[in-house]
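Asker: Spelled out from the first residue to the last, the chains are:
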Amino acid sequence: MNILVLMKVVPDVVEELEVGSDGKSLDTSFLRTIINERDDHALEQALLLKDKHGGKVTLLTLDAPDIDDVLFTALAKGTDRAVKICGVESVQSTQTAVKLFGDVIAKTPDLLPVDLILTGVSAIDDLDGLMAAPIAHQLGWPYTGVVTHVTLADKTATVIKEFAGGVRGEYDVPTPAVLGIQAAEKPPRYVPVAKVRAAMKSQTIETVDAPAVEAATTVEVQQMAKPQVTGHAEMLEGSAEDVAGKICELLAKRGLL
Amino acid sequence: MAGNIWIVAEAWRGQVSEITFELLALGREVAGQAGVPLEAVLLGSNARELAQKLGAADTVLYADNAALADPVPENAAAALAQLIKERQPAAVLVPLTNLSVDVGVVLAAQLNVPFLNYCKNLKADGGNLTATCVLYGGKMEATVTASAKPAIIGILPGARSVEQGRSDKAAAITDVAVTLAAPKVHFKKYLDPETADVDITQKDFLVAVGRGIQTKDNLELAEDLAASLGGAVCGSRPVIDQGWLGLSRQVGKSGMLVKPKLYVMLGISGAPEHVEGMKSSQCIIAVNTDAAAPIFNVAHYGVVGDALEVAPALTEKIKARKG
Ligand SMILES: Cc1cc2nc3c(=O)[nH]c(=O)nc-3n(C[C@H](O)[C@H](O)[C@H](O)COP(=O)(O)OP(=O)(O)OC[C@H]3O[C@@H](n4cnc5c(N)ncnc54)[C@H](O)[C@@H]3O)c2cc1C
Chain A
1 MNILVLMKVV PDVVEELEVG SDGKSLDTSF LRTIINERDD HALEQALLLK DKHGGKVTLL
61 TLDAPDIDDV LFTALAKGTD RAVKICGVES VQSTQTAVKL FGDVIAKTPD LLPVDLILTG
121 VSAIDDLDGL MAAPIAHQLG WPYTGVVTHV TLADKTATVI KEFAGGVRGE YDVPTPAVLG
181 IQAAEKPPRY VPVAKVRAAM KSQTIETVDA PAVEAATTVE VQQMAKPQVT GHAEMLEGSA
241 EDVAGKICEL LAKRGLL
Chain B
1001 MAGNIWIVAE AWRGQVSEIT FELLALGREV AGQAGVPLEA VLLGSNAREL AQKLGAADTV
1061 LYADNAALAD PVPENAAAAL AQLIKERQPA AVLVPLTNLS VDVGVVLAAQ LNVPFLNYCK
1121 NLKADGGNLT ATCVLYGGKM EATVTASAKP AIIGILPGAR SVEQGRSDKA AAITDVAVTL
1181 AAPKVHFKKY LDPETADVDI TQKDFLVAVG RGIQTKDNLE LAEDLAASLG GAVCGSRPVI
1241 DQGWLGLSRQ VGKSGMLVKP KLYVMLGISG APEHVEGMKS SQCIIAVNTD AAAPIFNVAH
1301 YGVVGDALEV APALTEKIKA RKG
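Top to bottom, those sequences are chains A and B.
Everything in the first sequence is counted per this note's numbering, starting at 1 for the first residue and increasing by one.
Everything in the second sequence is counted per this note's numbering, starting at 1001 for the first residue and increasing by one.
In isolation and in its complexed conformation, chain A is listed as follows (with noise of 0.2 Å):
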């Protein structure tokens, strides 16, 4: 049972983003990134089915600032396989992303054949379109999204894919399939420093060079720019203990205390 998972960083949000001089763009140079949160959820729900049923995971990421720490990190909490496509200035298109993915899949020895491809069902820098659908597409293979649960038996997978309100769905779907998953069954694993270290002195990372893809055309970006507000809180200032008392005063004008 072998799984492919894909990932990409995203910029981290919790630090002020600004645009850059073009102004249709983030600017990148104090820009810190990070794992698209549904992607880490992604490795994790492989590396669950792997040690459910073995087999072997394989990670496969679009270079960025930082990622040998991410890869070296995954090959600690027991991926089998870390592969970078180098040669790729920042990534600003998801379309883009799944040209390379796709053309990396198919061309690079031994990446195929896999059971399930996994990748994070969105990214807060999906602009013109999501992974998951597009590379299944691709392949031919049968996808799904929004997936929270996995369960392998006899060349299907079985999913729960969420709707609203806590209404989930069970899906059967023959493997291979590419899913977009929402969130692993439990919380990604914690792998400690010194196992990573260990990783980084017994394991390597592997290499492809990016392939040559016509960059996406159809949607341009004209303008970035931070939300016009329409409205804004009424900030309250003050220690805790004052906008503590703050609160409990508009509360009960409010009559709800």
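Check each hint, because a few of them may be wrong.
Stated by the list, open to error - Simulated crosslink set (SDA-like; lysine to any residue; CA at most 25 Å straight-line):
id, chain 1, residue 1, chain 2, residue 2
1, A, LYS155, A, ARG81
2, A, LYS155, B, PRO1183
3, B, LYS1319, A, MET235
4, B, LYS1259, A, LEU257
5, B, LYS1188, A, ASP115
6, B, LYS1216, A, PRO187
7, B, LYS1085, A, HIS137
8, B, LYS1123, A, GLN223
What the hints contain is simulated information worked out from the structure, not anything from laboratory work.
Note that the structure is a prediction, hence the values are computed from the model and not measured.
Assemble chain B with the ligand onto chain A, guided by the hints.
Answerer: Here is chain B with the ligand on its own, set in the frame of chain A:
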């Protein structure tokens, strides 16, 4: 503009979803600007009476097929692809819900066009469609032209009001036929939520915790605050993913829609998927260490500060006041 504006109507378990009316309202504006008809597409099985509710559209294309009874995105996408080929719309607006998003992305993949995501506003001027899309968890907005034919556009919940998209007008329904092959993916059943210990949708007072609460132990601070108010604790996705709170306590896109009298938020950034579930609360108070957190554009009152300090202080004040 060559081609009509389409909205994909979402019907689920015998009802038209509210977001369908939001899309009708937005689609009406765009079709008006483009000078073309607005058409709603409803896919279903024995669902013709639901098509009657879509009178805000100039035409409702209704496809009845047994294979469209269950939520199987590849069937819906295949049906839409056929209709698109026959009728050549300029744009197809798809609800960004967990139910419909897969229909949009599978359709876009089949047609080899982008799926324009996170759209909160759309305009037609000249021959162009200009969309405003929300990126980076609500921290940026991109103005984008979509030139694909057709443009497949995912519309965020709340783009327009539901009322704007309702109409008493009788819907002009056109029955359309689609042929569908057996799908690869098989829908087995719905899993309804287990009866929860607490129904957060019925509470007047909610204390919502997010990743900013940091540890499971800190949840106690929220429990104490909720108890002092006579309410319950709920949470954002990461708190549920961590297993700190049960699924029935999740607020947002995949969780519950709540409208309490008071919604106190401890360490929640205000991502669109969360805001969708709580924005109609009567009074929203957000505590967040980040002064630029998007939640402050939604909340009525804001505190830039540590939730771990503010929550217990507030609990004490409320207790003292209630005596
Ligand atoms: C298909 C899909 C469906 C989704 N459905 C939902 C849903 O139903 N509900 C939902 O909530 N999310 C949902 N999400 C996830 C959503 O996109 C966000 O990731 C999530 O809402 C973020 O949760 P958060 O605000 O708690 O965490 P973060 O975004 O990480 O924010 C944590 C915040 O805490 C603040 N903070 C840190 N420390 C402190 C402190 N000591 N005191 C005060 N503040 C502090 C930080 O400044 C930050 O703003 C969904 C995502 C997808 C892709």
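Asker: For each hint, tell me whether it holds in the structure or not.
Answerer: Results of checking the hints against the structure:
no.	hint	in the structure
1	A:LYS155 with A:ARG81	holds, 23 Å
2	A:LYS155 with B:PRO1183	holds, 16 Å
3	B:LYS1319 with A:MET235	holds, 23 Å
4	B:LYS1259 with A:LEU257	holds, 18 Å
5	B:LYS1188 with A:ASP115	holds, 21 Å
6	B:LYS1216 with A:PRO187	holds, 13 Å
7	B:LYS1085 with A:HIS137	holds, 18 Å
8	B:LYS1123 with A:GLN223	holds, 15 Å
Violation of the numbered hints given earlier is absent; every hint is satisfied by the structure.
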